[in-house]
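With these hints in hand, go ahead and build the complete structure from the sequences.
Residue numbers (full-length UniProt numbering), protein chains in the order written: chain U, 1 to 564; chain S, 1 to 112.
Bear in mind the hints are in silico, worked out from the structure with no lab data behind them.
Treat the hints loosely; a few may be bogus.
[What the hints assert, rightly or not] Here are the computed distance ranges between Cβ atoms for each label pair:
1. Ala11(S) / Thr90(U): 44 to 52 Å
2. Ser77(S) / Asn258(U): 32 to 40 Å
3. Phe94(S) / Lys178(U): 30 to 38 Å
4. Pro47(S) / Lys178(U): 51 to 59 Å
[As the list claims (entries may be wrong)] Some chain U residues flagged as far from chain S (calculated, every beta-carbon gap over 10 Å):
5. Ala9
6. Leu111
7. Glu112
8. Thr223
9. Leu234
10. Gln269
11. Arg277
12. Leu294
13. Gln320
14. Asn438
15. Arg440
16. Gln446
17. Ala508
18. Ala517
19. His537
[Claimed, not checked] Listed next, the stretches of chain U that the computed footprint assigns to chain S, with coverage defined by at least 3 CB atoms under 8 Å from CB atoms of chain S:
20. 53 to 67
21. 485 to 498
This structure is a prediction, so every number in the text was calculated from the model and none was measured.
Every residue, glycine too, gets a C-beta built ideally from N, C-alpha and C.
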Amino acid sequence: MPDTIPAPALPVGHYGYDQVDRAFLADRVEQFRDQVARRIAGTLSEDEFKPLRLMNGLYLQLHAYMLRVAIPYGVLDSRQMRELAHIARTYDRDYGHFTTRQNLQFNWIRLEDTPDILARLADVDMHAIQTSGNCIRNVTCDQFAGAAQDELVDPRVHAEILRQWSTLHPEFTFLPRKFKIAISGSPNDRVAARFHDIGLVAKPAPDGGTQFDVFVGGGMGRTPIVGVHLRDDLPEEDLLAYLEAMVRVYNEYGRRDNIYKARIKILVQALGTEGYRQKVDAEFASMNRARYRLPPETVAAIRARFGTPDLNAPDDAAAQFDRARRADPAFDRWVRTNTHPHRAPGYISAVISLKPAGGIPGDATSAQMDTVADLADRYAFGEIRVTHMQNLVLGHVRQDELHALWQALRAADLASANIGLIGDIIACPGLDYCALANARSIPIAQKLGARFASPELQETIGPIEIKISGCINACGHHHAGHIGILGVDKKGEEFFQLTLGGSPGSDASVGQILGPALPEDATVDAIARLVDAYLVHRTGGERFLDTYRRLGAALFKDAVYATA
Amino acid sequence: MSDVRNNRREAGGSSVITANRLLDGRIVWQVAEGDWSPMIKDARIIPNAEIEAAIAQAAARQQADGLVGVYGVQIESDEAAPTPVTVRERIRAFGPTVHPDFTPAAELEAHA
Ligand code: SF4
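Put into structure tokens, the structure is as follows:
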């Protein structure tokens, strides 16, 4: 094919909008502008307006409106990041909050400003659609997609295909409940595929094409369940037809009478894996497959609208990198925790921690967002990824430039060396912001972060995942935490229940409740005792999770509850 | 927003009335009919025996007053200034605990 489209015209790492996409977004903004005007004039009641604003990502939270902006498959470009910074500075309080769904939330938005904000987002091909409501939500993806050494298939093209398929899908706008899909292309699950309504893992097919492992019925919330493996050989051309069949069966049989039993996980449990599979297969067999077929040409056309990085590191990049690591122990420590191996020689992926000791997990100031955008332009083809762990990633960094990048990050207070360690805590907004919360998540995360601030101590403790939710909705993924912390309400006061042994990865498991909930002022000390017990009992290179799985809960229970 | 947890009222206690402003979503407390303040210290204190009627009255004119989600909040009986009994409503009244600059008191000072 003649090379007529210059690569830089397209954003690296995500789909480049065309005029049809842009016209649709512009219409959508004007539609919402009219709805807001009618709400303010009183011709729309709050009951009438609420579903309309939620379809545009606008929630009314505890202190103000909150706008949740979609970041499809967690990838954005520097221009988009700068616009988010501008919105934070102009319409909010100078910061944004990156979420476990790889989205961004603004916590202090005015209803009146929302149409203008959505118009600004549309200017950079962004929106807030599918960030709320009982629809197929924004699809999440591996933060190292297209870069990771262990990846078999870059899943972002398929994530984009799923985005286009699901966006305002007329049949799936009013599902029994919200519906979350995650996709990865690596055998090492970094997307919690087994905790999603549908989890997909792309891999090479025997014929040289692509096929998918399909998990279904996983989820957190009130009823945490590890998803079941539905099949391991879904051909690419049947991806949309089969997912359509899966969601149709849910749409038809999912419970609408009880909000707590409405997710697909409950349906899959009720029918059994085999029963659900049979219904999906029957639906699939009855479909007009030609209509839903995903031909290789369509995949290629979507792929062609992704910019690709020109990976071209100097031959001595790795040698320079080694020298820098040897010369600078602080840099070396950060490299050990905050990088991931890249598929291309001389490149590496860098994780920017949004978890400074004592800080608010996932928060970034406007200035930090601008800095990340500038650094992405300088070092990473203008591409930025958001992780479900509430951090950021620069996917393609030259190894010989990593030291300079790290120094720039350090100057912006963005170089905490704690990825995967005890300081890398997931915390939902909790009772400081969220209207549904029972208890505050952020202060517990801040106290734990401060308590375990020392990088040396964090490295000694080793890999451990603490995850905190302010209520049973589990936005903080506590069920999948090695240590999970759940805020509960007891007569109007905050208490915290600990769960141990959860894991979001390929060895997915649901954490088990350790014992009675603890008062707020006892929770951090209890976790410190728990960590001490682990350090005493671990053998060899065991992670906390391994020690827990080997020895069980009893000794940790003693450590937490046997206070003098 | 209205929440089942806010309906716990003790017979002998008192409550205040709260809502969010429609335009910016910010929290306000009823000072008098048609008069609302961001500061809970200004709120009118109503015996629980009368609170349901007062809430109904405020809710009936919420569109005219530019409000959404009117409801009642029980307060401590032994505090000099109105103080909600639940931690949730204390956070609504006094602001997020993680951003001292964003509390209603700090905002008032900043705009003084
Ligand atoms: S887990 Fe609960 S408190 Fe936390 S953000 Fe979700 S709904 Fe709010």
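Do the hints match the structure? See the list:
At roughly 49 Å, the beta-carbon separation of Ala11(S) and Thr90(U) lies within the given 44 to 52 Å, and the hint holds. In this structure the hint that Ser77(S) and Asn258(U) lie 32 to 40 Å apart at CB holds, the actual value being about 38 Å. Look at Phe94(S) against Lys178(U): about 32 Å separates their beta carbons, and that is inside 30 to 38 Å. At roughly 42 Å, the beta-carbon separation of Pro47(S) and Lys178(U) lies outside the given 51 to 59 Å, and the hint is violated.
At roughly 40 Å, the least C-beta separation between Ala9(U) and chain S is larger than 10 Å, which holds for a residue marked as non-interface. The non-interface label for Leu111(U) is inconsistent with chain S: the shortest C-beta to C-beta separation is roughly 6 Å, within 10 Å. Against chain S, the non-interface label of Glu112(U) is violated: not every CB pair exceeds 10 Å, the least being about 5 Å. Listed as a non-interface residue, Thr223(U) keeps its Cβ farther than 10 Å from every Cβ of chain S; the least gap is roughly 21 Å.
Distance check for Leu234(U) against chain S: the nearest CB is about 42 Å away, which clears 10 Å, and the non-interface claim stands. Against the 10 Å criterion, Gln269(U) stays outside the reach of chain S, whose nearest CB is about 27 Å from its own CB. Listed as outside the interface, Arg277(U) is consistent with that label: its C-beta sits roughly 39 Å from the nearest C-beta of chain S, beyond the 10 Å cut-off. Distance to chain S confirms Leu294(U) as a non-interface residue, since its nearest Cβ pair spans about 42 Å, more than 10 Å.
Against chain S, the non-interface label of Gln320(U) holds: every CB pair exceeds 10 Å, the least being about 41 Å. Not every CB of chain S lies more than 10 Å from the CB of Asn438(U), the least distance being 8 Å, so the non-interface label is violated. Not every CB of chain S is more than 10 Å from the CB of Arg440(U) (nearest about 6 Å), against its label as outside the interface. Remark: the non-interface label on Gln446(U) conflicts with the geometry, its nearest Cβ contact in chain S lying 7 Å away (cut-off 10 Å).
No Cβ of chain S comes within 10 Å of the Cβ of Ala508(U); the nearest lies about 31 Å off, and the non-interface call holds. Listed as outside the interface, Ala517(U) is consistent with that label: its C-beta sits roughly 14 Å from the nearest C-beta of chain S, beyond the 10 Å cut-off. Distance check for His537(U) against chain S: the nearest CB is about 34 Å away, which clears 10 Å, and the non-interface claim stands. Check on the region 53 to 67 of chain U: 6 of its residues sit with their Cβ under 8 Å from a Cβ of chain S, so the three-residue criterion for coverage holds.
With 4 residues having a Cβ less than 8 Å from any Cβ of chain S, the region 485 to 498 of chain U passes the three-residue criterion, so the hint holds.
Hint check: violations occur at hints 4, 6, 7, 14, 15, 16; the rest are consistent with the structure.
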